[in-house]
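**Student:** Please arrange chains U, P and A on chain D, whose structure you already have, making use of the hints.
Protein chains: 4
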Amino acid sequence: MPASYAYLGPEGTFTEVALRTLPETATRELVPVVSVPAALDAVRGGEAEAAFVPIENSVEGGITTTLDELVAGEPLMIYREVLLDITFALLVRPGTAISDIKTVTAHPAAQPQVRNWMKDNLAEDVIWESAASNADGARLVQEGRYDAAFAGEFAAEKYGLVPLVTEIHDAENAQTRFVLVGKPARPAAPTGADKTSVVIWQREDHPGGLMELLQEFAIRGVNLVLLQSRPTGTGIGDYCFAIDAEGHIADRRVAEALMGLKRVCPEVRFLGSYPRAGVAVEDVRPPRSGTSDGEFVAASDWLARCQDGRF
Amino acid sequence: MPASYAYLGPEGTFTEVALRTLPETATRELVPVVSVPAALDAVRGGEAEAAFVPIENSVEGGITTTLDELVAGEPLMIYREVLLDITFALLVRPGTAISDIKTVTAHPAAQPQVRNWMKDNLAEDVIWESAASNADGARLVQEGRYDAAFAGEFAAEKYGLVPLVTEIHDAENAQTRFVLVGKPARPAAPTGADKTSVVIWQREDHPGGLMELLQEFAIRGVNLVLLQSRPTGTGIGDYCFAIDAEGHIADRRVAEALMGLKRVCPEVRFLGSYPRAGVAVEDVRPPRSGTSDGEFVAASDWLARCQDGRF
Amino acid sequence: MPASYAYLGPEGTFTEVALRTLPETATRELVPVVSVPAALDAVRGGEAEAAFVPIENSVEGGITTTLDELVAGEPLMIYREVLLDITFALLVRPGTAISDIKTVTAHPAAQPQVRNWMKDNLAEDVIWESAASNADGARLVQEGRYDAAFAGEFAAEKYGLVPLVTEIHDAENAQTRFVLVGKPARPAAPTGADKTSVVIWQREDHPGGLMELLQEFAIRGVNLVLLQSRPTGTGIGDYCFAIDAEGHIADRRVAEALMGLKRVCPEVRFLGSYPRAGVAVEDVRPPRSGTSDGEFVAASDWLARCQDGRF
Amino acid sequence: MPASYAYLGPEGTFTEVALRTLPETATRELVPVVSVPAALDAVRGGEAEAAFVPIENSVEGGITTTLDELVAGEPLMIYREVLLDITFALLVRPGTAISDIKTVTAHPAAQPQVRNWMKDNLAEDVIWESAASNADGARLVQEGRYDAAFAGEFAAEKYGLVPLVTEIHDAENAQTRFVLVGKPARPAAPTGADKTSVVIWQREDHPGGLMELLQEFAIRGVNLVLLQSRPTGTGIGDYCFAIDAEGHIADRRVAEALMGLKRVCPEVRFLGSYPRAGVAVEDVRPPRSGTSDGEFVAASDWLARCQDGRF
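Residue numbers (full-length UniProt numbering), protein chains in the order written: chain D, 1 to 311; chain U, 1 to 311; chain P, 1 to 311; chain A, 1 to 311.
Among the hints, erroneous ones may be present.
What the hints assert, rightly or not - If you want the footprint, here are the derived chain U segments under chain D, 3+ residues with CB under 8 angstroms:
| hint | segment |
| --- | --- |
| 1 | 57-63 |
| 2 | 170-181 |
| 3 | 202-211 |
| 4 | 229-239 |
As the list claims (entries may be wrong) - Pulled from the structure, derived: some chain U residues nowhere near chain P, Cβ distances all over 10 angstroms:
| hint | residue |
| --- | --- |
| 5 | Thr-25 |
| 6 | Pro-32 |
| 7 | Gln-111 |
| 8 | Ala-185 |
| 9 | Gln-215 |
| 10 | Val-279 |
| 11 | Ala-298 |
| 12 | Leu-303 |
| 13 | Asp-308 |
| 14 | Gly-309 |
Unchecked claim - With a Cα cut of at most 27 angstroms, we get these calculated BS3-like pairs of lysine-lysine:
| hint | chain 1 | residue 1 | chain 2 | residue 2 |
| --- | --- | --- | --- | --- |
| 15 | D | Lys-183 | D | Lys-158 |
| 16 | P | Lys-183 | A | Lys-119 |
| 17 | U | Lys-102 | D | Lys-183 |
| 18 | D | Lys-119 | U | Lys-183 |
| 19 | U | Lys-183 | U | Lys-158 |
| 20 | A | Lys-119 | P | Lys-119 |
| 21 | A | Lys-119 | A | Lys-102 |
| 22 | A | Lys-158 | A | Lys-102 |
| 23 | P | Lys-183 | P | Lys-102 |
| 24 | P | Lys-183 | P | Lys-158 |
| 25 | U | Lys-158 | U | Lys-102 |
| 26 | D | Lys-102 | D | Lys-158 |
Hint data in this document are derived by calculation from the structure and do not stem from the laboratory.
Beta carbons are placed, not taken as given, at the ideal position from N, Cα and C, and that holds for glycine.
Bound conformation, chain D alone (with noise of 0.2 angstroms):
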């Protein structure tokens, strides 16, 4: 029995469009599930070796579903991302034209990146209803319900539909990011063009708490990627902070960071170290001058000098 991986369902979504990117995907049963719950507990179970799931899209910001479940519950770790271009199809059954549209159905997360669209487009009557995914309503459509659906190209074929648009998408460079989770384990060794993911809760607040755990990274030439606030559930306004960084738990400068971060949080949770996508190896910036991994160890080293008296 090969091992599996959980993505978030059905079948004909942009997830597993984005997850059969992935190499491996190849060896593996790969099952949809209904939720991000219920993938993330398909692996914290132990049905399940990996879970796929969206986890920020360019519109809409960070799916907050998935961040809340790595934030809290048992520990997960992210060994893999995937950046998918988004872009709508409209479609419909054989026949209908555009004028015939009077109902429209997708995944609500669909609905900002089609709203200008639509505006331009359809009938200002037409009525939009929410679907529990893409595929859904493309489903529902080849059940007769609605119209139309907005969804994934590739998804026509599956529902026995045509698109009748293609290219929509009311934002430019419109892409989400996914990621493949599992359980704790040793890390991929680094690229070269690594991320770090860390979830952090700051100790008191005072002006300039934030700012301080922010030069943790800084003073070490770390450069962030990504910060978002989620809320602890304990009352409002207290929120802790999932992070992304360049570079990898294996360099001395991203380890440091954590470390210093450690030190001073409540509490810390390491979300993993793995390969960014959309970044080449040659494009990665080189580290700032006196933070390469080089210049740690020659630090460490004249610092053993130093306690020493060899110098």
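**Tutor:** Chains U, P and A only, in chain D's frame:
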């Protein structure tokens, strides 16, 4: 014709309850609208004097629709905020017993706040269906579409339902924060317990970039109460930051921090200074030494004397 | 009676040479006095319009007597600075050969600048005796007390001596910096290449205390060119800091930094803004993005619009 | 032959008194030498095991000769420091009355500490002549060259003089700090009240440059007790910084700060970790939260678990 306030409807939601805590609503026409964008558009279009919408809740975090509407489009300003404790009642048609419940409904935002309660108190196979609002869920129960609705207890009477269980809330201290938003005008005078909201964009991505922006607050002793990143829509990883800081734009330390941000950020959007809900003036920490208005004025006088050579 | 400038005498020292590079000395009476305190007291007492004294040299560092006099007592201000290349000549009575020299003299400050030269060029057993000034050393050679004096070549004629060797200077780029000091008055207008001098006292001793003070400059893009600690006289380890920063008190970034210091330091003493010697206007780096006067004014305008609700 | 300690002589100076407070001097030969450079050269050349020299006094600040000798040349290390209260006696030949005094002498460093006393207690026309040391001044009085000498009371007997006035000191709390310097070797073990001395050079001159270096200490909770700038000798305005920090190189927070400096500075010179004079272990503040050795070790363990995926 009285001035009107548009609010996220329908009637009978937590939003309406929160809105009615504002004394001036006695002399305003309160108009429920279907969505946050509709409420803000009513203000922008001049049909409403102000809009009242949720902006943050202690379980889900920032209400992204509201944030994104404030971040983009024609500028608006926040004039008031209201904090409301959120607890749900399970509303049913008279005569329904808890064991009769096969289907429940509510707005999706309610789900994380009642999920654990459901697990512990309802049958495992009970079906959850999302409603457009909690009040709408109650209406659907009245119509017989579902067996029970999670909603504010106050909604029962309007829909001929009875509260089978009350005080349901998975998280302690569950609260939602609402804001009253209008067209830009002179902010209300400081009360001594104020907040200032601002959105900042970062010029470039380098180690310490965000830290440098937060430094503008920290060096002047201005405490941050909320920092949320929101995608700019220009591509994955491009974020602006919505910040709530303690103090009023009329406070010299806040004013200087805002000017500092204005100089180093490509864009800063001022969202208003307004009384801070839930914090009494006597509970506000005095400003850090060197950051009171008196000290700013004294330093300014001293500088003038230096520039004149009189010292 | 022309206004007079007191300078550290006697005549024939480097100080006089440096002073005479100031054009206005043509119309002033130049009065040599015996010490830096005497020169500054002449200003404080009203006997001299200004005093001209050394404040820093590239070999010995800050001239502590001058710094301490400016730090304490009745306030004074720096109006001009002069940089002078320092090279020594070995002055002897006519007829003296280098092998005849058994004793040499000069002001103690000269010693570190000629020490290596002496080791290489004079007999090992030559005796050094300190003189009250380099010019006084020359006088003592004239009188026959010593065989040779290190002094400026310009001093030879006055004392009937001849320069046996010239261009003596152990360190390359040996320079001394002099300042023209007067009673407080309005600083001269900015030239575009200016410096501002200030003395700051620290409120308390905690990790990062000095760093926080320097941050007042750094966050506003003001570069420091000199930082010297001087004892406050209240006990070992109690220091104040004499700071030279790039820019003029009329520059908004400098003014705001000074006010910031004034607010957080128990005491700040402004020592003046004046043209920077040795730096041409065209070689001055433009202010860091966000710190020019124009950007300060624009931010101030923006703030006023925010405060008025006009944006 | 016992190991010898060279000290700034001659006998009978404050330096000798301070040196004799060290218990180990009972078993060492104490050798007075004519200058600080001579004392340090004796160590570098192997003729002395250690040198004992003044490094700071509360009136004059850093003893620049000592600092400059430690900053340049073959590396040396500080092993001990001694704080000595400095009060002067006015020494005269037996029979001299205060009204007989026409000339006084002492080392130039004594002058700022007795200047006010002289003004109040001696005739206005009394003549001050500098001596090579305070002890040498006493000798010159013995020889009849001058009428009185300012020196330590302990010097009277040796030169057949009597203390006419004692406890002379213009400033309260006048102290001089001395250091025992030797060739580099393993620093003594931490006592709990230690200091670490280091010299740092700055890579480039930009706004915030020095602040960034001080940040290496601040972010790790290491308090600075002294910062002195010394010219590098390469031109006016080029300075290095001699820094005394609280703590021992064996403290993890100090070690990490030193490594941080080593990475970002073109040069760092470690001058030793040694017991702090005048501070009892029980008066040392506990390290700031997050900076104790225990917290460093715990963070290091946590990092290792993250790197192994065991958490």
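**Student:** Against the 27 angstroms threshold, does the CA-CA distance of Lys-119(D) and Lys-183(U) hold or violate the hint?
**Tutor:** Satisfied, since the Cα-Cα distance of roughly 25 angstroms is no more than 27 angstroms.
**Student:** Minimum C-beta separation from Ala-298(U) to chain P exceeding 10 angstroms: can you confirm that?
**Tutor:** The assertion about Ala-298(U) is violated, with a minimum of 8 angstroms to chain P.
**Student:** Going straight from one Cα to the other, do Lys-158(U) and Lys-102(U) come out at no more than 27 angstroms?
**Tutor:** Given pair Lys-158(U), Lys-102(U) holds - Cα atoms ~23 angstroms apart, limit 27 angstroms.
**Student:** Checking a non-interface call: every C-beta of chain P should be farther than 10 angstroms from the C-beta of Gln-111(U). Is that right?
**Tutor:** holds, 39 angstroms
**Student:** When you check the alpha-carbon spacing of Lys-102(U) and Lys-183(D), does it fall within 27 angstroms?
**Tutor:** violated, 35 angstroms
**Student:** Please verify whether Lys-119(A) and Lys-102(A) have alpha carbons no more than 27 angstroms apart.
**Tutor:** holds, 13 angstroms
**Student:** Check the hint pairing Lys-119(A) with Lys-119(P) against an upper bound of 27 angstroms on the C-alpha distance.
**Tutor:** violated, 41 angstroms
**Student:** When you look at the beta carbon of Thr-25(U), is every beta carbon of chain P farther off than 10 angstroms?
**Tutor:** Holds, since 22 angstroms exceeds 10 angstroms.
**Student:** Can you tell me if the segment 170-181 of chain U counts as covered by chain D, using C-beta to C-beta distances under 8 angstroms and a minimum of three residues?
**Tutor:** holds (count 6)
**Student:** Check whether the Cα positions of Lys-183(P) and Lys-102(P) lie no farther apart than 27 angstroms.
**Tutor:** Roughly 46 angstroms separates the two Cα atoms, so the pair is violated.
**Student:** Does Lys-158(D) sit within 27 angstroms of Lys-183(D), going by the straight-line distance between their CA atoms?
**Tutor:** violated, 33 angstroms
**Student:** Could you let me know if the closest chain P CB is still more than 10 angstroms away from the CB of Gly-309(U)?
**Tutor:** Its Cβ does come within 10 angstroms of chain P, the nearest being 4 angstroms, so this is violated.
Of the numbered hints given earlier, the model fails hints 8, 9, 11, 12, 13, 14, 15, 17, 19, 20, 23, 24; all others are met.
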